[in-house]
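4 protein chains.
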Amino acid sequence: MEPIIVKYVERPELKDPVLIEGLPGVGNVGKIAAEYLKDNLDTKLMVEIFSKYFPPQVLMKGDGTLYLVRNQLWYYKDPKGRNDLIFLVGDYQGMSSEGQYELSYKVLEIAKEFGVKKIFTLGGYGTGRLADKPRIFGAATNQELVKEMKEYGVYFSETEPSGGIVGAAGLLLGLGMEIFGMEGVCIMGETSGYFSDPRSAYFVVQIVKEYFDLDLDMEELKFRSEEIGEITSQLKEEEMKQESEQREDLGYIG
Amino acid sequence: MEPIIVKYVERPELKDPVLIEGLPGVGNVGKIAAEYLKDNLDTKLMVEIFSKYFPPQVLMKGDGTLYLVRNQLWYYKDPKGRNDLIFLVGDYQGMSSEGQYELSYKVLEIAKEFGVKKIFTLGGYGTGRLADKPRIFGAATNQELVKEMKEYGVYFSETEPSGGIVGAAGLLLGLGMEIFGMEGVCIMGETSGYFSDPRSAYFVVQIVKEYFDLDLDMEELKFRSEEIGEITSQLKEEEMKQESEQREDLGYIG
Amino acid sequence: MEPIIVKYVERPELKDPVLIEGLPGVGNVGKIAAEYLKDNLDTKLMVEIFSKYFPPQVLMKGDGTLYLVRNQLWYYKDPKGRNDLIFLVGDYQGMSSEGQYELSYKVLEIAKEFGVKKIFTLGGYGTGRLADKPRIFGAATNQELVKEMKEYGVYFSETEPSGGIVGAAGLLLGLGMEIFGMEGVCIMGETSGYFSDPRSAYFVVQIVKEYFDLDLDMEELKFRSEEIGEITSQLKEEEMKQESEQREDLGYIG
Amino acid sequence: MEPIIVKYVERPELKDPVLIEGLPGVGNVGKIAAEYLKDNLDTKLMVEIFSKYFPPQVLMKGDGTLYLVRNQLWYYKDPKGRNDLIFLVGDYQGMSSEGQYELSYKVLEIAKEFGVKKIFTLGGYGTGRLADKPRIFGAATNQELVKEMKEYGVYFSETEPSGGIVGAAGLLLGLGMEIFGMEGVCIMGETSGYFSDPRSAYFVVQIVKEYFDLDLDMEELKFRSEEIGEITSQLKEEEMKQESEQREDLGYIG
Chain A
5 MEPIIVKYVE RPELKDPVLI EGLPGVGNVG KIAAEYLKDN LDTKLMVEIF SKYFPPQVLM
65 KGDGTLYLVR NQLWYYKDPK GRNDLIFLVG DYQGMSSEGQ YELSYKVLEI AKEFGVKKIF
125 TLGGYGTGRL ADKPRIFGAA TNQELVKEMK EYGVYFSETE PSGGIVGAAG LLLGLGMEIF
185 GMEGVCIMGE TSGYFSDPRS AYFVVQIVKE YFDLDLDMEE LKFRSEEIGE ITSQLKEEEM
245 KQESEQREDL GYIG
Chain B
5 MEPIIVKYVE RPELKDPVLI EGLPGVGNVG KIAAEYLKDN LDTKLMVEIF SKYFPPQVLM
65 KGDGTLYLVR NQLWYYKDPK GRNDLIFLVG DYQGMSSEGQ YELSYKVLEI AKEFGVKKIF
125 TLGGYGTGRL ADKPRIFGAA TNQELVKEMK EYGVYFSETE PSGGIVGAAG LLLGLGMEIF
185 GMEGVCIMGE TSGYFSDPRS AYFVVQIVKE YFDLDLDMEE LKFRSEEIGE ITSQLKEEEM
245 KQESEQREDL GYIG
Chain C
5 MEPIIVKYVE RPELKDPVLI EGLPGVGNVG KIAAEYLKDN LDTKLMVEIF SKYFPPQVLM
65 KGDGTLYLVR NQLWYYKDPK GRNDLIFLVG DYQGMSSEGQ YELSYKVLEI AKEFGVKKIF
125 TLGGYGTGRL ADKPRIFGAA TNQELVKEMK EYGVYFSETE PSGGIVGAAG LLLGLGMEIF
185 GMEGVCIMGE TSGYFSDPRS AYFVVQIVKE YFDLDLDMEE LKFRSEEIGE ITSQLKEEEM
245 KQESEQREDL GYIG
Chain D
5 MEPIIVKYVE RPELKDPVLI EGLPGVGNVG KIAAEYLKDN LDTKLMVEIF SKYFPPQVLM
65 KGDGTLYLVR NQLWYYKDPK GRNDLIFLVG DYQGMSSEGQ YELSYKVLEI AKEFGVKKIF
125 TLGGYGTGRL ADKPRIFGAA TNQELVKEMK EYGVYFSETE PSGGIVGAAG LLLGLGMEIF
185 GMEGVCIMGE TSGYFSDPRS AYFVVQIVKE YFDLDLDMEE LKFRSEEIGE ITSQLKEEEM
245 KQESEQREDL GYIG
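Residue numbers (this note's numbering), protein chains in the order written: chain A, 5 to 258; chain B, 5 to 258; chain C, 5 to 258; chain D, 5 to 258.
Treat the hints as calculated values from the structure; they're not laboratory data.
Heads up, some of the hints might be wrong.
Identical copies look the same in the list; a pair holds intra-copy or inter-copy alike.
[Unchecked claim] Capping the alpha-carbon separation at 25 Å, the derived lysine-lysine pairs in DSS-like fashion look like this:
hint	residue 1	residue 2
1	Lys19	Lys122
2	Lys122	Lys65
3	Lys116	Lys11
4	Lys121	Lys11
5	Lys110	Lys11
6	Lys154	Lys65
7	Lys48	Lys213
8	Lys121	Lys65
9	Lys65	Lys151
10	Lys122	Lys48
Let the sequences and hints guide you as you build the complete structure.
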């Protein structure tokens, strides 16, 4: 068996395409963001990727049928004629370190075929805290991109993310830069990491939308984001209440 | 060493053969079912599979001799001339994700050689509860099979199994569909998952028997099934007794 | 890097050689036994095996120098002209299931080159109990060997070892039988499994000595065996004392 | 993807070069030592190594840009015309046993290309205790090197390190000796193993400096070493205070 099996559904001609990755990860921020973009733009499936580096698993579609876990590439033709986009989405990332490298390398090979020179990877940055408004962190392959992304409100920190970036969101940029001569940026939405976080994804998508000047309806993601926003507010209120009660309790003792 | 070593014992001519898999798994339902079918039909060994993806282990036969762990294919010639059957049985599934993929892929290659176009995989669906009568869940590669299997009493749920199907029972269908153009269905007997469950296997075998109109003596499996049925009833009675006692205890307190 | 690197130190002509394996395992019984045989017979180093399936480790010789972990084959020319012997000894077994298969397969390839048709694997059978006199269990590739080894006092059980035999001691026989057409027997000395057990190894070596009619001085191993025997007796006495005290304590309560 | 990707930045002519390794490990002693040497001698980057055996990770540079984890070789031209040096430094060692072997083997292949015949590996020897002055342990591939290194104050013990040497520091010597005909020594600075230990590294660097008669400014490492020295003294004082208090407490009881 080929370790990675690539099925080409279509081989479109693409103009200055940018690869945009969003696979499962912290708070599923990248996955939610990339799938929202894919689902709400006029995209078409171009490539399917199966691999022994994914779990040995089929998933249910809800109608009694099943499908093998996979990654997919979908393309979007930019009506304004600037950058076409290729979205990398899927059920899983590689299960092992080696699988991660092999899969990212293969995706970059495919991306190169279609002329990709720039990569956006989308992800979550887990802080363990409930934030009022999630900040959007960035990490780029070069200083020019750092400067450019700052104009879109992306925050570049000297110290964060302190552990670097693990998985496809990091590897696509690292291998892309070192082996394939591509440049790119990772856009990370702050998230508690405790649950799937469409709110953080909302702010990530906003940046992609603005950067590529996309005609994208944000309503549904905004709605899901506000739901999370309310839950977060309630959780934060309860936290504060508990803390103040504890302070009172201590007061009695003190 | 070849990662998977295939020994052909016989290369029979088979008519529209269907592959029926039953390897160790939840409640060993699939293994018990497939081995019961293999042992109680007039089957012959055709292929033996050894692999470094199995544990590095030999097992005892009970007479002082040992054998290397393996998977096997046994064939059954349908006297009615419709579908010959190939049974996949064995001591273990692959130990790693990658081994699972490699082994399922190899079995599908062999199956293709013999003309297999349809696959039945048998397994258990662990619920953590003792069921009075186990339901039989299904998951298929296409809607036609979903409809067909419903007529045999297989239950297709929108939500279950929620985690999909892991291992050979899922992979053979997923890879079979995507890479080998085969169709198939997974038949899962509900089981607690706490012990080897011939009762759940009994209902799985019944469906296979009816679907392929097999002349199969069910007596022994029925006997083992009823033993489990009695144990289950006793366990359930004790559970209920304990619960009602607890309720009484609480009554005194309340 | 070749996954397994084989260095031939010498390529001796051997007469009907038998491979005798003793690598680290339960109670180190096999390792102690095989190394005692190797050290106390007139053996010569013939092959060294390095591999990425061993741990990435060097060990100290005690004089400030180090050596890379390895397996070795040593040969013994039978002065009586019946069976020459090849001993497989080493620092480690393969670290992964796949490494175990690869290493056993490679050893069998080398053994075949030198004409090996029969294999003895030596090991420990961990019972978790301190035995007065360890029994010697066997498992063989065929009934003839079972009968033959019974005459040497090897005990073949219908049920033990219930989990089969894991590692090189099992694989060399399983792969040897299935792929290389060799026959063989595993000789397992009963051991608690709590410590390195030269006493169990002593009884294993006795059987090898008798079977091959070896002119072997057993004094040193006997001495180490008796030390263990004394420790075992003391431990057992203390166990019994504690148990009887506990019984008395319970008597007061009862 | 090639499992290990080697990028040659420069292919210098080197005179009797010695490979000096210092990768992350116990107390990061080897890493601190080798990087201090690399940074404070007039070295140039010659080779970069990327690999799927490293973690799938990019790290941050502090200016918003990222880099893929890697190992590097830097060379130093000895102005006195004796031994040029090649330093092996990097973010990680291989993640798996097999990766460790593959990476060390590849480094040795590269080293051989440039004429390396001798290897120094630098590491920490974790004792779990805070030492007043760390001893420097050694382990060499031959007796001549043992003798030679003793003159530089390296301590060769009959029993330590009792578990041998694990990882690149051991493998480079073991594989270098067995497969590439190189000789070498591992220099291990005693360290508690609880934190990064520039103090232990200081004494390791001292030995390398003296052995190769390097014109090396030790000031910065001395400063960092003294900081650790003070912390160690304070921690030891507190330990002793606590112990004496405990003894007093026990006195009251006794």
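Item checked: Hint numbers contradicted by this structure -> none
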